[in-house]
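> One-letter residues, chain by chain:
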Amino acid sequence: MAAGADADTAADVEAHSDVWVFVEQHAGDVAGVTWELLGKGRELADQKDEDLVALVMGEAVRETDIPEEAIARGADRVLVADDPAFEPYRADPYGEQFRHLVEVRKPDIALIGGTHTGRDFAGRVAVPTHAGLTADTTELEITDEQYEMRRPAFGGDALATIICPNHRPQMSTVRPGVFDAPEPDESQEGAVEDVEVVVGEDETLTEVLEREVGDVADITDAEIVVAGGMGLEGDVDPLWDLADLLGGEVAATREVVEEGWIEPARQVGQTGKTVRPKLYIAVGISGAIQHVEGMDDSETVIAINNDANAPIFENADYGIVADYADVLPELIEILRERLDAQEVTA
Amino acid sequence: MTDGWNIVVCVKQVPDADEVSIDPETGILNRADAEAVMNSPDYNAVEAALEVRDVVGGTVTAVTMGPASADEVLQVAVGMGADNAVLLTDRAFGGSDTWPTSLALARAAEELDADVVFGGEETTDSSTGQVPPGIAAHNDWAQLTYVEGLEPRPEEDRLVAKRDVEGGYERVAADLPVVVAMEFGENEPRTAGLHRKIYAETDFEPVEWSAADIGVEDEVGLAVSPTQVGGMATAEPVPREQEMVEGVEELADHIVEVL
Ligand SMILES: Cc1cc2nc3c(=O)[nH]c(=O)nc-3n(C[C@H](O)[C@H](O)[C@H](O)COP(=O)(O)OP(=O)(O)OC[C@H]3O[C@@H](n4cnc5c(N)ncnc54)[C@H](O)[C@@H]3O)c2cc1C
Ligand SMILES: Nc1ncnc2c1ncn2[C@@H]1O[C@H](COP(=O)(O)O)[C@@H](O)[C@H]1O
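For the protein sequence lines, the chains are A and B, in the order given.
Residues 1 to 346 (the working numbering) are what the first sequence spells out, left to right.
Residues 1 to 259 (the working numbering) are what the second sequence spells out, left to right.
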């Protein structure tokens, strides 16, 4: 599989068709980004008048309702690679199996969630097949001339358009929360097919010794997000109080996640999630470009920061220069009264 | 292995992320003014490489692919404690996307007979995170990404890593040779001692390899890069009210308005 040897062989572009979506599942739980990609993939496949194909790998996944759900969410066909080697996830068997299927079936476009899992193995497909791989894509579009993958560059200051004219498949990893997930429609029809498994335990290079995963929060669908930064110095309780009151989710900057004050699944930004709530409340967040990139599609942004020069104010609709410790308790009290009053009149 | 591991650490020179700006009039990216620095996540990679060497023994070789001036980042790595450094520099590398970049680094790692190759989570200029898995894929080696901590097992020829996964963590054992991408911020990079720093900046000379030296002269550069940049647009700033309010009451008004 030494990929370098045929480096100058561009792909036979015409021989490739269909849009593939990788179904990321761990122990039967499907990552939300999968459904988002099926939604976008459906659009692309319709535009090309080709099939949308979902690829599921795992152990005993055939018996779960995952293949049917993929069809209900838009897939025309579901390929299932079922083997103990695929549970828990490891880069080498996933990459090798995916590579094999790409080489045999020649998809034109492949979409993979930009999670740690997706970003871990995507290169193990793209390198041996000499495919074009665009990381962390936020826009995908088929124009009159070509397929264009767009991604933030320079920490979000610019948007780069990446094209892949001569190599196939055209692969991207896509950050969670960027596209809308279609609701399942049980009346949709599609075919489920078991594929040949080409990996075995003998060839694997890695062994998972231990895996500890709790409930994974999904902040990408939240209508209201209350996010905290280093300005809170670990005092995150008022964030949860405010989020609970407003029926929203708590989120955080990367620094806060690194401190362990808030779980990693709630990180917003370039290396975290993209959120698009109606209301984003940023508390004690400086507004670094890598953070703003993940919340810039919020409808209304409110910022609380004690430094009038914090860049977050340029990215906010309403801001208050004040200590969070003074603002939050008062804000919670006022909002509680008003919401109670609204309920009485409603 | 009694003589320890051959450890390679990949570091990249990038424009200082805080200084890259876009000309609001022309929309042109202003990179020239930004100081060239070592990619910040690569400090974590160098630190991890040195920590593993301190436990297992062996050598740490810093490698970068870039213009001749990129030897500055090798000096940083050597100042921190890397033993040797290799500069991959050649006009042929120009225009390389992650596919040939990871190929060149993969061949250099083979040339150095690497047991472990370290990289950072991603670069602040291209931020793909694809290069370390690309190195592993080109060489058909094991890989460990988003690594929070390491337990070297030289007696088993394996490296065990704690990896960050969605909603938790996992511990994975990988056979050598292995490529490790450290999660950004997971360790405290050491600062260079004064003497070491002076040595790195004055006496020290990195080894220089061309594309031909590692046998990739026909497999790098724009021509073999599957992806191309088709255009670069200034990200439109999202229009915001940017209204400052005086009191908490007013802030509450705006929140209730949205609800
Ligand atoms: C490769 C890379 C990827 C990254 N990815 C991400 C990412 O995905 N998400 C992300 O968030 N970051 C990311 N970062 C980090 C990012 O650059 C910033 O370092 C980070 O967002 C800053 O977090 P912060 O705003 O919480 O902390 P700080 O920048 O320290 O800001 C704290 C703010 O709190 C304010 N403050 C202090 N005390 C108070 C108080 N009492 N009341 C009110 N306000 C107060 C301060 O004025 C300051 O503005 C990334 C960095 C790199 C290099
Ligand atoms: N030109 C390069 N020279 C050396 N190392 C690199 C180079 N490009 C990327 N890397 C390594 O790969 C990591 C991820 O980079 P990237 O995939 O570009 O986001 C970096 O943190 C470096 O460790």
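Just so you know, these hints were derived from the structure itself, not from any lab.
We treat Cβ as the ideally placed atom computed from N, Cα and C, and that holds for glycine.
Be aware that a few hints might be false.
[As the list claims (entries may be wrong)] Covered by chain B, per the in silico footprint, the following chain A stretches (three or more residues, Cβ under 8 Å):
id	region
1	70 to 77
2	161 to 169
3	264 to 273
4	330 to 339
> Please go over all the hints and tell whether each is borne out by the structure.
To see whether the hints hold, each was checked on the structure:
For the region 70 to 77 of chain A, the proposed coverage by chain B is not satisfied: 0 residues have a C-beta within less than 8 Å of a C-beta in that chain, short of the threshold of three. With 7 residues having a Cβ less than 8 Å from any Cβ of chain B, the region 161 to 169 of chain A passes the three-residue criterion, so the hint holds. Note: the region 264 to 273 of chain A has 4 residues with beta-carbon separation from chain B under 8 Å; the three-residue rule is met and the coverage holds. Under a criterion of three residues with beta carbons nearer than 8 Å to beta carbons of chain B, the stated coverage of the region 330 to 339 of chain A is upheld, 6 such residues being counted.
Comparing the model with each numbered hint stated earlier shows that hint 1 is the single one that does not hold.
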